[in-house]
Structure formats: structure tokens, C-alpha cells
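Colleague: Residue-level listing of the chains:
There are 2 protein chains.
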Amino acid sequence: MNNNPLELLMNPRSIATVGAGNNPMKMGTIQALSIVMDGYKGNFYPVHPNDDQIFGYKAYRSPLELPEAPDLVMFVLPAPLVIPILEDFGKIGTRRAIIITAGFRETGEEGKRLEEQLKETASRYGIRFLGPNCMGIINTEISLNVTVLPLEAKPGRLGMASQSGTYITQTLPYLEKRGIRFSKAASVGNEADIGLIDVMEYLGDDEQTGAIALYIEGLKDANRFLEVAGRITPRKPVVAQYVGGSDAGARAGSSHTGALAGPDYLYEGLFKQAGVIRVDTIEELYNQGWALANQPPLRGRRIAVLTNSGGPGTAISHTCSEGGLDVPRFSETLQGEIKKVIPDYGSASNPVDLTFHMDTEAIGATIPRILAESGEVDGLIVHGLMSSGFIGAIYPHVNRLLGFESKEDFLEHFSPDPTEQAAMSKGLGMPMVISSFFGREDDYTRTYQDCGIPVFDAPEKAALAMLALYRYNKIREGGYRDNPVLPLCNESAAATISNALNGGSTVLDEYQSKQILAAYGIPVVREILAESPGQAVKAAAQIGYPVVLKGCSARFAHKTGKGLIYLNLENEEAVRQAYDAIIDAAGMKIPVLVAEMVRGGREMMAGVIEHPGFGPCVMFGLGGIFAEVLKDRVFRLAPLTEADALAMLEDIRAGKMLGSFRGLPAVERSALAGILKELGNLALLHPEIAEIDLNPIIISEAKPVVVDALVVLKQQGLSGSQDK
Amino acid sequence: MNNNPLELLMNPRSIATVGAGNNPMKMGTIQALSIVMDGYKGNFYPVHPNDDQIFGYKAYRSPLELPEAPDLVMFVLPAPLVIPILEDFGKIGTRRAIIITAGFRETGEEGKRLEEQLKETASRYGIRFLGPNCMGIINTEISLNVTVLPLEAKPGRLGMASQSGTYITQTLPYLEKRGIRFSKAASVGNEADIGLIDVMEYLGDDEQTGAIALYIEGLKDANRFLEVAGRITPRKPVVAQYVGGSDAGARAGSSHTGALAGPDYLYEGLFKQAGVIRVDTIEELYNQGWALANQPPLRGRRIAVLTNSGGPGTAISHTCSEGGLDVPRFSETLQGEIKKVIPDYGSASNPVDLTFHMDTEAIGATIPRILAESGEVDGLIVHGLMSSGFIGAIYPHVNRLLGFESKEDFLEHFSPDPTEQAAMSKGLGMPMVISSFFGREDDYTRTYQDCGIPVFDAPEKAALAMLALYRYNKIREGGYRDNPVLPLCNESAAATISNALNGGSTVLDEYQSKQILAAYGIPVVREILAESPGQAVKAAAQIGYPVVLKGCSARFAHKTGKGLIYLNLENEEAVRQAYDAIIDAAGMKIPVLVAEMVRGGREMMAGVIEHPGFGPCVMFGLGGIFAEVLKDRVFRLAPLTEADALAMLEDIRAGKMLGSFRGLPAVERSALAGILKELGNLALLHPEIAEIDLNPIIISEAKPVVVDALVVLKQQGLSGSQDK
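Taken in order, these protein sequences are the chains called A and B. So the working numbering is basically just the index in the first sequence, starting at one, shifted up by 11. So the working numbering is basically just the index in the second sequence, starting at one, shifted up by 11.
Just so you know, these hints were derived from the structure itself, not from any lab. Check each hint, because a few of them may be wrong.
To be verified - Restraint-style ranges between C-beta atoms, simulated for each label pair: (1) A:Glu653 / B:Gly515: 56 to 62 angstroms; (2) A:Ser134 / B:Phe415: 44 to 50 angstroms; (3) B:Leu499 / A:Gly311: 56 to 62 angstroms; (4) B:Gly119 / A:Asp428: 22 to 28 angstroms; (5) B:Glu419 / A:Gly440: 46 to 52 angstroms; (6) B:Asp63 / A:Pro339: 29 to 35 angstroms; (7) A:Arg312 / B:Leu92: 40 to 46 angstroms; (8) A:Glu583 / B:Glu583: 26 to 32 angstroms.
Where a beta carbon is used, it is the ideal one built from N, C-alpha and C, also for glycine.
Chain A with its partners taken away, still in its complex shape (with noise of 0.2 angstroms):
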């Protein structure tokens, strides 16, 4: 299907494992016996040094004495002996390997060095291999799982990556009770060679798969995710959790796997650009994906909640009000509709509240249907589908009046089968998520999500997962990213920074600073250096007046508060005045811009960083006095599409600002948005650059002007910036 190392790794036809023995307090044997006991039908050869036979499959001492060349094997030994007997399985033609064993890059120097001897290794005889230091993989469609816990032998429509092993894992118990079905999963550990981002890639193309989970702990080549979600989430939901943006986080993560971690807004940033979803627990990774996997698309946002308990029906509309969904008023004739089913004491307005009662008909059956045929919403919500587990709980205390053998019997006879509702429900055409109570021990909850509704154990998780299908429909609709092109570069730019570097400056002054960014289409104010009060008179006349004087010099990169600036000079005595004072104020003769006093309401600011594995990132926010207060600002990587630079604008607190005013007019949000783009393009054009700081672009009526900049080049010798 394609060419992605994954493909063969998830389905060989035939598997050998190195380290596993039959010592059943060993990690490696147990992950050994998921292979040969969970339903995997390839062949299976174990490797070991010493015995004959490995839980009764016949031992081979070497994989030079194997009888083909397995399409996988697996490594659990320990970290020094790995290496040469890789190189076997190399000669003999096995060319995928899952190397479980740690002790290598995330345990220091020393490990890291073995983890390059491992590399190379695998190289020198296309071996593609996941790990170290990972827990391995899951394939339910040919019920192949090499991890250390038993697998549900029942395929489900969930793919996740993993930088914790422990996620799909020691949590197969819990998945299981709580109804969520991985497709395919991987642990990637060390991700020496095959990475998070490949496993997303692989999954983007797997049919089995619905949606895709990540567990992030840091992302080596941002760039790359970037490119690989963004072409799968407009088809495809992908959620997401990063857990490395906080000084403990990354420092764990660091030892963990030796990830690379970033601040946690460049994350936000690249996971807005991707149309991935982001979620802060892992709970709510399982809970959205797996209601993103199996239910259709929310086409719209009016929900419908369907009760047999006020508080749930309450929790549920709030959190839904909450996150931007609208739980609508029903009509009056739908309303009639509801309540012939419905007890008196109930509501029919929605939430539909049918109040305590144990007839599973109206809320599972009736009135989702009329709900569904009524054009009036598009996804519901129910709490309150309930048999056996409920009945099942009051058992001890009712049979002292009903006298039944056993709990057994008292269950057949009061339980009904929820088989056909639940059939129905899948069948209506709009999402459906149920809240419930009780667990799998429900026959309810058994049945709904055993057919791919979603039951959570809580009303507010229900509405969480309904939220993710409306963001995902968002994301949907936004489409695919264009592929964003570089303009030329700019030859005069080129020449300003090589300038600069020749003469071991690594900070341009103002005026160049913005040379380099109107040479890319930047809009910045006038402005003409002045070397004498002369030369800034007339320069001023040129401008017309009022005009501003700042001192120009890379030496006094920030000048505020140093007597370098004058505003609003008003005629040529305050220019000359202005002129003197600046030099006064530098201490020694630096030149003089002289520049338009732009005035407007609004002022923003927009600038470019680098972080390792994200290369140049730009930002938007909030300028003015509360730039530093309020920290209004968003991220995204270089290059931007013009949607990327739009979406930015939406994306501050302060967004509304852009709008009308305060009797100001609209922004030219295209004009604004192409300031962003710009920066991104000429931080890629020019690699020497390390920082842009763009403070302020004030809103001159509805055009963005850039009134002060900053380029900050990188050191020579230096390969990245000094950004943290």
C-alpha cells in the first residue's frame, strides 16, 4: 500500500524473538507469550543461547540457523548484546526489528554512544527498527501484540503513538473496561529510527483506523509533523496530548526517553497549524479519540440531551454551552411530539428530562428517534440507559420481596436486551454519546459500546466528547493546507545581513532592520536617516510634520527609557532640539532616524524565534502597555500559508479588536496576515537570522504599520539560535 516501515513491521508473516526464555518473571518472556497466546498466526522462533524449547516452540541458538528470514524480530535482551546479533538477523534478510531493551540514549553519554552503534548497524543492512526502550506494538486485525498484558481479542477503530509504553500497555486492562478498542498502537521509545510522526502516517493510511492518538512528550522535527497531520487531519481526526511544556515535565520526559521538549505555546501553536486536537489528559486522549474513531461527523451545533436525571442533564447542557455548542429550545411541535412519551412530571424543551424511572423504551428507543427525524438537532447526547447495572445494585433489597434463585435469574427476567436499540441508535444518522453510571457490568453500557457509541462514566466526559467532533468538524471543513511557496530572496536583504556579519555585528539597527523587512513587502513607516540636525530638518519637511526622532544603533537595540526617542515634533526648532539631545543622550555621534508619527488605537507586535526541532516560529499578539502583562501571543512554524497567518488573528484573546473598533474601522486583516507570512518566508531566506522583533505595528485606521524592529542575527559558528 505504501512505502512506510510500518507496513511490513505490523504484519510479518513471521516473527522471532531474541531474550525471551521460559523464565515467566521476565518481562521479555511474557511479552514472548502475548505473541504465541493472543490470537497470532504467523510463524514464531524464538531465539536463545541455551534452551531447546521456549514455552514448546523449538529454540534456535542463533538466527543463522533459523529456517527463513523473519519478516520481525523482536529484541529483549539487554542493551550490549543487542548490536551483533541485529547483525545476523541483517545477513540472513530480516529487515524489521522492535528492540524493547533500555539503556541507551535516555540513560546518558554512554548509551548514546550505543545507540549510534545501533543505528549504524541497522543501516548498513536497511533494517527499519522501533525503540529502544519502547514497549512495542499492537495490530488487533491480525491479533498480533507483543506487549506485556493480555489483549482483548476484539479489533477496534482507535490508532495510537506513543512516547510512554505504558499507554498502550499497562492501560489495556483499563481500556477494556471502559469499551475502547485500539486498530493499531505503538510504543516508539527512543525513536532511533521509526518515529512518532512515521506511526501517525502509517495510521493516517490505515483503514482500520478512525482516528489517531498521540502521547507527546517532545517532537524532534516539528516541521515534519506538520506536514504529515496536515495532510491527514482533514480527512482524518488526530488528538493530541503534550505533556513536556513545563520545566518538571520536560525534565521527566528527558529522562524518560530522552525527548525533546518545547514551551508549551510553540506546541499549541503546531497542533492549531496541524487541525490536531489537543487534550490535556490521558483520559480524554482515550475518551475523544475513541468517540472520533466511531462516530459520524456532528454536522452542525445543536445538541440535543435526552435525561432520565436532572443533574447529568444539567452537567451535560453546561459544559456543552460551554465549549460553543447550542442545546436549543425545541419547537413547540416537537415538544407536543416528546411529551405523549414522556411522564408528566418530565420536560420536553430540551434538555428532555423523562425524570427517575426504569422504562428503557422512551430514552433508548422512542425519543432518540423522534429526535433524529424532527430536523431540529444534529447529535445527542443521553444519560440515564440503564438495566442490568442498576437493577442489579437494588437486587439484594428487592428480592426480599420477589423471592428469585439467584441474581442470575432475577437479571433474565428483568433485564431487557438492549441489542436492537442500540443497532437503531447507530443507525440514526448524527453522533450519539452516552453518559452512564455504570460500567460494563450494564448490559446498556456493554451493548452501546460494543457497537462504537461511546458510554463514559461521567455526564461532563459525555459533552467533552461530543466538543472534539464539533472541533474536528471545523477541522474538517477548513480542508488541506496549501503548500506554502518561498518568494525570491532578496538580494539587498542578503547583502544587509552578510554586511552586518563581516563586521561582526550580530544586532541590525533599526533602519536595517527594516530595509531587510520592506524589502519583503513589509509595510513600515517613512522614514529617512538623518547624520546632522540639518539633514534631519529637511528630512522632516520631506515626512511632513509631526515627525518622530529615534537614535539609530545597533549598540542601543533598546531604547526605550534612554532618552533616544522623540515623538510628535511638531516643527524644526523641536526636530534640532530632538537631534541634540539624542546624541547627548547616546554620548557619542550615532545617526538619526527621522520617521512619520503614526498614531491609531490599536498596537500589535509579531516577531520570529527559532527552537531546536521547530526551526523559525512566528508570533502574534498583543502590543502596547499590556504586551508584557497579559502575554497575548500565538505561535506558528515558518513557512505560513495565508490561512495559517489568518488564523492567527482569530486565535489572541484579544482578536475582537481587529474588528470595528471603538469607532475605528476593521483591520485589512490580508494586510496583517501577510506581515506574518513575510516573516516566516524571510526567516527561512535568510538562516542567519536568530530573532525578529516587530514592537509596534500600530493600526493606522485599518492598515498595519511596523513602527519599530529589530533583527537579531545568529552567532557565526552556530548552527541555531540561543532562543529558549
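Keeping the supplied structure of chain A fixed, place chain B upon it in accordance with the hints.
Modeller: Frame of chain A, contents of chain B only:
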């Protein structure tokens, strides 16, 4: 112990039921069964019109035939039948009732009338009652359960008051599975008599209760809530969920119990003022309430994270950091001690990551003890304490090699008894919470939960519980709320208000508005009312140039954009011109305010609004051009204490700008807080006031000055304001 009506209602020596019969399909029957089967030791008297026996107990035709007046009677029969029988119970001397029956206020006008009759009848006999439309009570101290679902016979420490019956009934099996146990709980239904606040007050004094959880759809009396909660929270944690703050939530709550909801921001302010910890979901309410009810105070910010799995350790660390806790890198000494007992590949820095292994001695005993003794941490979060859950899951695989007769034999052999470790952990002298993907099928989860150490099913939930302890510690350290004392009513302010009302006006002009503020010591800008250009010039000279001129009339309450304001007037000529321009713009002769031109880089706003159930509330927020865009505002109920007012300054997002800011000095906080306090006072002292709006309050150097003000009065004959 006290006069709270819950005292007897929760501890009755005898209980009668009315409406419960022998039909096990009726909820009333099942509730009565809970009383007799869950361990309650008092007398039980069923009252029933036909049956002679109710599940073996002698039944009585009427209350009048009972051998004694029961302490408590529970009604489960239809609404119209309740009142006459309640009357009979009143006659025989019963003084407490629980009215489960629905069909009162929540159903409309007819139901409202019925509820009034109910109250009247109860009041005539001094009967205090819970409900109607509720699910009853639980008191685990005396094994009393009147709800539908059976109660686990284990007393806990979490008290609950709920405006949804579901959350103390249908969730009982859910809570049992999670090891969470109530002390006492009550569903308050329509709160026709005893309400949520009464239950909270009772739980506040109840020794068995370690923390209080509240589920709230709307409060009738926010002031009483504040007063009662304010007395509880310095000594006992209170956690609350509020779901009435959205349109859909309010509508749902109203049809549920007729609850009176209000805007979310008012509840947010109320909870902060009262020291109540707010949560967003029912799961957080239970989880964090449970942790707070059982764990000792967290006395600092330093958290140790101990894990056998990198992912959960990273997620815990990240969640702690995001919430303000510190996960500090341990000292070299401490790391050295830890390294002795963890595998080579592990990490000792914090998180302590043992990497996956099954030795529970280190993670369950040795390391917790080392950490507790180190003096480097204040609280401990552990992931990976597990035995029977995990090995029970792998049993089907490993038993292929071991050949145990049964899973029980296998667990007996391999699963250690965690009782001693749990007891040791309980005695560490610092809070401890645990995350595990294995539930109560695991010996560790069960044993730790049963000794009061919370075990949650996800790492982030454990971190959130620790964050709740952190939030509570700050509340505890804040101490008791002062009792605000109102100043004397100012006669001249009262006269201004009554003059306006007598003149048929409900809006005071700017000058009058500021006179009222000034009467209560609120600093307003220096200004003089002028009736002619000459007076204006004289006033300007008196105040000192530059000045501001503003048209001053209640007819032009909102002046912006109407040509009624002229700023920064430098001389006599400018004042005369401005005066004429204002009269022109007004189109009539109106007085003109001549005011000092106040400058300052910071503009704030404040005000008073009223909301049913809340009375006057004081607002504080960011003023100036961003006010509308950022809506950075917080609220508190009047009257405010000094501490309440100071907390509001911290509470806005832009709070930092009140400190030293861009070369400006820190704001005089006590002066700004004083404005807020006096606003609340004057709204209470002059109940004719509907609304006050101070915008802007300019911070001039360090001092706040009210530059514009508007006071709106209530329309006469109306008791509340028109605000929503």
C-alpha cells in the same frame, strides 16, 4: 450539638414511611427497603392505606394509629396526598420530614401553589422538611440510607449536599467501585424549607465529615451562602460544582428543581470570596473532595513524584507545574540515597522513575520513607503501586509456564500483602495520592483506598487532587473572613438620591454621581460645575490648566462620541471654545463640568450590579480601550472586607499591571481596595441604587482617581434592578 434542623433529620431514633408498599417495582418501596436492610437500628413504621404488613413490618393505616411519634417521616406518595398526612404527623408530634415526592414548584403554577400549602402546613406544626422532589439522605455513621440504591456499610469522611438526587443515589455503586465514601449526604430537591446551605452548615459542624462537596444549580441566598461557607472553609474544605451559568444550564436546572441560576462570573466571585474550591465536573467534585476529606494539609509547594513508568510520571509532573506546584530537582544527597534502591536505568532526580518492575518494596515503602525524611518535599504522588491487578491480568499467559491450579492460588503465591505499606504511608506526615490503571481488583488500590489514601484511575487526576490540597492550604492560611461593618449612612448622599427620585429621574448626572462617591471617601477628580463660559474659565483657573470640559446632564449619561467631552484644554481661549461647542452639541443649555486633566498609564474600572439572590455585587476590572475586548472583570458580594477587596486586585488577569509597571510606581492597593469596599457599602446603605459604573478609574502615579461615574437608581415601585 446545635440547632440545625439536620441534626435530628440525620439522626432519627424512629422513621415512618408513607407511600411505600410491597410492590418492588415502585421506587418508594425500594427506598423503604434501604432503610430496613442497610443497617439502620431505629424503629421503622410503614404507614399504608391497605396493607397490614410491609415486608414483614406491621403497617399502620394512619399516623394517628402509630405507637409513638416518629422522629422522621418520609413521603413517597403522589403530591396531592402529601399535605393532609403531613398534617396528621404534625398533630402527633413528628417534627422532621423528607418529601421525596415530585410535582411541586418545578412543574409550574399549580405545583407552586401546592408547595406553598406544604410549607404553610409544615410551618404550622414546626415541622422542618427536606424536599420536595428530592432523593433523601444518607448517614453512614448510623447506617441510615433512605435512597434507592444500597449503601456500602463503610463510613467515610466526605459530606455532600446536592441539588441533584442522582449524585447521592445513582452514583453509589460508582463511588463504591472507586473507594469513595460519604459521611453524610443529602439531596435537597426544591429546597422549600431545608436547603443546601443548611446541609452545608450541618456538615461543617459534623465531626465525621472531613470535607464538603456541593453540587449547585442555583442559590436562593448567596449572602447566607457566603456567611456560612466563610465560617466553615478556614477549618474544613468545601468543594463546589456550579452548572447554572449558561443559558442551557439555567434552563435545565430550572425544569429540574426550579433552581434560580445566575451568571457564572457571580458564582465564580462568590466561591472565591467564601474560600470554596470550584471544580468543573462531578468526577472532580468527588475526587478532590475525597482527597481533601482524608489527607493532611499540604504545607508547602514541593511535590515528589514517584513512578514506575515514564509517561504517567511526566504527566503528573506537568499537571502539577501547570497548577502552580513545584516538582523540584532533588539534592545530590537525596538522589544518592534514592539511587541505592532503584535500577541503573532509573532516574532519581524527581520524578523518581524506577522504570518498569514488579518490586513493590522500593516504590511502596523504602522510597516514600526516604522522601518523607528528606525535608525536601511537602507531598507525594505515586504511580505504579500495583500487584494483583497487574499479575492477575497476565495470569492467563504466564500460567502456561507455571501451571497453577487457579488464579486464586497464583495470586496467593505472587501478590504481596500491602497492608503494612499502606499503614506506613498513612503515617508519613504529608499528603499522598496515588494514580493506578488498576481498580479495586488490585490489592494495592483496594488497601490504600480503604485506609484513606486516594487512588485515582489516571495520573492527571492524582495531580489535580494534590492541587486541590494546595488550593485549600492557601484558603486555610487566609483565615476567617472579617465581619464587614457598614459605615453610617451619609445624609447628603441620601438627599441627592431622594431628590432625584422625587424629580422622577432614575439616572444621576456625573456631578451628582461623584458627589455621592465623594461622600463615602472615594477619590474623585477635582471638578467644578459651571453654568457659563465665564464660570468655566474661573473654575479652570482655580483647578489649574490643563483641564477637561464635559457636558453634565443625566440626559446624556453616556457622553462618548457625542461632542460633549474636551480633553487637555491649555488656556482660557480653549476653555471658552469648548464650552460653546458642548452647548452646541447638546442642543440645549446644560451645566458643564470643569475638571482636572488626570493622566496615568493605567485605567481600571469598577461598579455595582444587582442580581436576584445576590443583592449588590461589586465589580472590578481592566478599564480603558481594552475593557470590552478582554472583559477582564471579577465580582464579589457586598459588603466587602478589606481582604475581599485586595483579593479582587490579584484576581484579574491583568493584575500584574497594578505592581511597578513600565516605569510607573506600584498602585496604592489599599486606596484602590478602599474604592471597592466603599462601593459595596454605599450600594447597601442606599438600596435605591440599581447600578454604579466608575469608568475609568485612572491610576495617577500611584493613586486611583475616579474620572467618570454614573449612578443609576431603581425605578420606584420595583424591588430589584433590571440587570441580568
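Colleague: Against each hint, give a clear statement of whether it holds in the structure.
Modeller: Evaluation of the provided hints:
{"no.": "1", "hint": "A:Glu653 / B:Gly515: 56 to 62 angstroms", "in the structure": "58 angstroms, holds"}
{"no.": "2", "hint": "A:Ser134 / B:Phe415: 44 to 50 angstroms", "in the structure": "45 angstroms, holds"}
{"no.": "3", "hint": "B:Leu499 / A:Gly311: 56 to 62 angstroms", "in the structure": "59 angstroms, holds"}
{"no.": "4", "hint": "B:Gly119 / A:Asp428: 22 to 28 angstroms", "in the structure": "38 angstroms, violated"}
{"no.": "5", "hint": "B:Glu419 / A:Gly440: 46 to 52 angstroms", "in the structure": "49 angstroms, holds"}
{"no.": "6", "hint": "B:Asp63 / A:Pro339: 29 to 35 angstroms", "in the structure": "53 angstroms, violated"}
{"no.": "7", "hint": "A:Arg312 / B:Leu92: 40 to 46 angstroms", "in the structure": "44 angstroms, holds"}
{"no.": "8", "hint": "A:Glu583 / B:Glu583: 26 to 32 angstroms", "in the structure": "28 angstroms, holds"}
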